[in-house]
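Taken in sequence, the protein lines are chains A and B. Taking the numbering used here, the leading residue of the first sequence gets 1, the next gets one more, and so forth. Taking the numbering used here, the leading residue of the second sequence gets 1, the next gets one more, and so forth.
In short, the hints are calculated from the structure, not lab data. Some hints here could point you the wrong way.
Said to hold, decoys possible - Quick look at which bits of chain A chain B covers, simulated, 3 or more residues with Cβ under 8 angstroms:
1) 25 to 33
2) 139 to 145
3) 303 to 309
4) 312 to 324
What the hints assert, rightly or not - Some residues of chain A that are not near chain B, with every Cβ distance over 12 angstroms (derived):
5) Gly5
6) Gln52
7) Val60
8) Ile91
9) His113
10) Glu114
11) Ser153
12) Lys234
13) Asp342
14) Lys365
15) Lys380
16) Asn399
17) Asn424
All C-beta atoms in this analysis are idealised placements derived from N, C-alpha and C, irrespective of residue type, glycine included.
Number of protein chains: 2
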Amino acid sequence: MKKIGVALLGLGVVGGGVWEILTTKREMIKRNEGLDIEVVKVLERNIERCKQLGVDASIVTQDMDEIARDENVDIVAEFFGGVEPAKSFLIKALENGKSVVTANKEMFSKSWHELEAAAKKTGAGIYFEASCVGGVPVIRTLTDSMQANEITSLKGIVNGTTNYILSKMSDEGADYETCLKEAQKLGYAEANPTADVEGFDATYKNSILSSLAYRKRVPVEKVYREGISEVSVKDIEFGKQLGYTLKLLAISKLVNGKIEARVHPAFIHANHPLASVKGSFNALYIHGDNVDDVMLYGRGAGSLPTASAIVSDIVFAGGKDVHRRYFWEDEIEVNDDDFATDFTTAYYVRIAINGEDGALAKVAKAFENANINVKNVLKKNETDGEYLVLVTEETKESNMKSTLETVKGLSCTDDICAVLRVEN
Amino acid sequence: MKKIGVALLGLGVVGGGVWEILTTKREMIKRNEGLDIEVVKVLERNIERCKQLGVDASIVTQDMDEIARDENVDIVAEFFGGVEPAKSFLIKALENGKSVVTANKEMFSKSWHELEAAAKKTGAGIYFEASCVGGVPVIRTLTDSMQANEITSLKGIVNGTTNYILSKMSDEGADYETCLKEAQKLGYAEANPTADVEGFDATYKNSILSSLAYRKRVPVEKVYREGISEVSVKDIEFGKQLGYTLKLLAISKLVNGKIEARVHPAFIHANHPLASVKGSFNALYIHGDNVDDVMLYGRGAGSLPTASAIVSDIVFAGGKDVHRRYFWEDEIEVNDDDFATDFTTAYYVRIAINGEDGALAKVAKAFENANINVKNVLKKNETDGEYLVLVTEETKESNMKSTLETVKGLSCTDDICAVLRVEN
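Same shape as in the complex, but just chain A:
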């Protein structure tokens, strides 16, 4: 039986889960996959944690070089957060011919091309299923099940924290701050929630998924980003009345040969399969030109679900003699021309009006003048004022921006309170 030696970098929440699975499922994996996978090295400073998990002290080290030199290590699996030292450690592993498995989306999205260059030198493999949508096989689906397709769009709920908060705001009518606190209490949000609630985490994942889908490096900086911290429960409620559900979406499309990648709150129809993805669950909706729509749904985070993806990668990598390369040289180069900048999308707009007669006609006229079709209007008299709520058909973002300037200048308008995109 083929023996595979694994080094685990870090025994935190995910690393601990990987240790647990590799220990409890070793015999099952031997029998089912014909691979004997053994953890031969662990890089971890917290000796108490090692003891707690029952890791033999003789395999624990704090020296990455020792791991990189160890001939018994075939695969290095990494569970740090942040770019460094993860990136340097994995490049060292690759340069020493060891395949790498990572759950670190920030590092991977920012450094994929550098890891790729290091892997090419030795033929080692790069595996990153756990970096996006936890235990759900979105990467494997894109690499090994969509070969007959040109992928033309991806839409994902790829961050559990924001989905938990938005689901709670929608179901209970509670405001953002209250729901964030609840999420923090339950461990769904970090003490400093910025990476999640401001959409950074989702841009890392969008970058990875888009790069894979379009076979072209989509750097994190090319992913437009807006978070959910400014979302008002009032708009979630009005959207609901119009048949929409608000989600933080990672969207990416190939439009006229240009890649359009973005992360922002967006309304989707309540009967869209993504609308029923609630709480901390995640999902990715893929459109391929032959397969049509495919959706993958499941736990986007958590110790064992994420560890399940890591172990799957270890087994998958362990069974391969030749590893996949993801890009050709020309696909790694970033060319500004490959990316769209002025997106086309539909909109939800909430306008505070001051009670002047004929407000709806004036506002409607401004949209009409800009060739923006209004699909739906709500006029709301709330305790804090009067609002016009409009849902438009698709238009260029630049056109919407200038139209909203015009609307803002109308005598009937007090303020533009909310502008949210609608994804059809």
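Here the structure of chain A is known, so what remains is to put chain B in place on it, guided by the hints.
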């Protein structure tokens, strides 16, 4: 570049789609996968169809032996329906060292172990992604993404015809016959719809998916089967009022080490992700002990979606030098003890009552005496009579059967009109 010669058996709806994709995507697959896949033989009697698709007459044959002997053929892909001659042809291919790709769920579910035995002799590979849930990568997920998990249950909407009919009955309140006719008109149902509406098609898929999930042959005969032709729109409507959606589910569970596999209409909670799978869409809900719940959703049929899975299998098989074996000898043997016969499940029951006083108390007492908890009751006065509708908690099927005999014998009972399972 590695060259892969493919023979296509049949150029019908799916075979034609495969021909189209392999032709239009040949360059894309060369670039992305490093494989040059060429159709070198086609087995098809309909010469007009070959011409229509632009297949060169020189590669068309009607002789399977010619294909089996052809050294340029590496992979044989089959798109017949029914067991023979598909089975004999594929065994011949495997015995000649050619890997096989099939979309034929009936043949594969009934003959997998025989194909497996033939493949073992030569080391050839068996690929069948397209046999279950069309273009959705359910097989690849079970084989290549769940290695860290013991799968403990599967629940699937795996037949588009029945899902279309039940969705329409539910949305429009139309009866079964009307919706079947509409499905036939739209090409979602065959002229003879038995294989779909009586659940046979779903048992084939349940057999394949369960065998893979539990690594144990689950013969089609071991899958309990009930179709949808007896379903009344009245029960769909009453179920809806109780918060449930009716689906034809392929269910399979590992309960106390025994496999419980069944296909029947079942109510699921309206907020379960499977409830939002509408029309001809399919989905599979997988529970693994580490990954928790995963759902895969998409098109379960159709020319290009199914062909997408076939081509994915061809690419996947073409890239492998060593092919996977699915079972050990002892896993192929069928042992009656491995299968549960008296399932435990919750129930929806509709009872026609005759207006006698105290009917609810009498019926409730009968359930109570059998230790069956009633969760929910509706009393309905319809134009055609009076009904008690009950939803129970889980009990053994044998217990429910004998209890219903008792209820039927009560003086207040006219008839037991419907007994449907509820899947929690």
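Those earlier numbered hints the structure runs against, lowest number first: none
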